[in-house]
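Protein chains in written order, with my numbering: chain A, 6 to 189; chain B, 98 to 307.
Think of the hints as simulated: they come from the structure by calculation, not from any bench.
Among the clues, some could well be false.
As the list claims (entries may be wrong) - A partial selection of chain B residues facing chain A, derived with a Cβ cut-off under 10 Å:
id, residue
1, 244
2, 265
3, 289
Ideal Cβ positions, reconstructed from N, Cα and C, are used throughout, including at glycine.
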Amino acid sequence: MNRLLLISLVMSIVFGCAEKKKADSGKSEIVENEMVAKDGDGQNDIPFPIYDFDGFEPLLHNNDGKTYVINFWATWCKPCLEEMPHFERINSEYDGKNVEVVLVSLDMPNMWKSRLEPYVMKNKIQSQVVILDDPKQNDWIPKVSEEWGGGIPATLIYNKDKRTFYERGFTYEELNNELKTFIN
Amino acid sequence: MKKIRILGWSALLLIFVASFAVGFKVAAEHNLDDGYEIGDLADDFELKNVDGTMVSLSDYESAKGFLVIFTCNTCPYAQAYEDRVIALDAKYKPQGVPVIAINPNDPSVKSGDSFAKMIERADKKGFTFPYLLDEGQKVYPKYGATRTPHVFLLEKTAIGNVVRYIGAIDDNYQNASQVEKPFVENAVNAMLAGNEINPKTTKAIGCGIK
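All chains should be built: construct the whole structure from the sequences, respecting the hints.
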């Protein structure tokens, strides 16, 4: 009797674990440093990848010899739109020079179709645009930078040697000068 | 033996004094920063309300504290939280902690945040609390507000209004029904019960103050 109990206990542990593993591998594979977009949200007609913070975080920790310029913005943020041409100019001027500009939209879901997409199309934005959609801001803001109070525009510039966070807007000259300190 | 003991005590005393010195140094550094930290005394103000009167914290003789909320008409986050701010006032004004809303934006930069538009907004949403204009933008830098909405919970004490919590209203701007951590409610409840507030500060995305 006791032995039976023991066997069933062991079986349940083994199968329990196996089942869990199966459930895990059923999700999209999370390769280290690869961003994982959300899916199945019924947002498939939005032409930008949509991430929660876990899916987005690898973008903040690439270690591939490139310099990343990660700009946090939203269409409702006027100073963000004012500095947008400077990021676009950097993106085109540093094309092929190991600099990646990524524009991270913090627009709310109800603005993706009505404001974000029209803005990007109308202004022919060439830099990569992604959506960060994660309401647990108090959890993820410090993971971008401990210094960040939560205001936008905000920009992170980093490469494998250097990392600086800016909770402010930029002129083209300011942005270019900052970027140069990462490249030379 | 006795000598060793005295030596031990004086070492302890030294550590004690040294730790105080470090404490003071940290406090001094904090004071150099812009804006209030937890435990600081918040200055009173006298600002124009949408009803035309001037409002100060000292007007509220029987208050136990204040929810000073920097907010505005135009910011989508501020708008997303308007109903929740009204709910906070409804819940905590009777308990002695009224909402005092302040628009920190400069109307000459942000015309949607003009005093006339503030009156419209307060009327349309049925604000039950004062909605003040930070004319000349003198109050928000003192508090260290950086965005809207930005909450400062003050406790009225014998020595003045002590800052007890700084940050966001809750942990889900998108959907009030999916809030897991109502930061401000937890903070006010803890304050009124005399308990430790945890967390004392939180972060959120908001519209920069213009």
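Outcome of the hint check:
Among the interface hints, the one on residue 244 (chain B) holds; its C-beta lies about 5 Å from the nearest C-beta in chain A, closer than the 10 Å criterion. Using the Cβ-Cβ criterion of 10 Å, the hint placing residue 265 (chain B) at the interface with chain A is satisfied: the shortest such distance is roughly 6 Å. Because the beta carbon of residue 289 (chain B) sits about 22 Å from the nearest beta carbon in chain A, more than 10 Å, this interface hint is broken.
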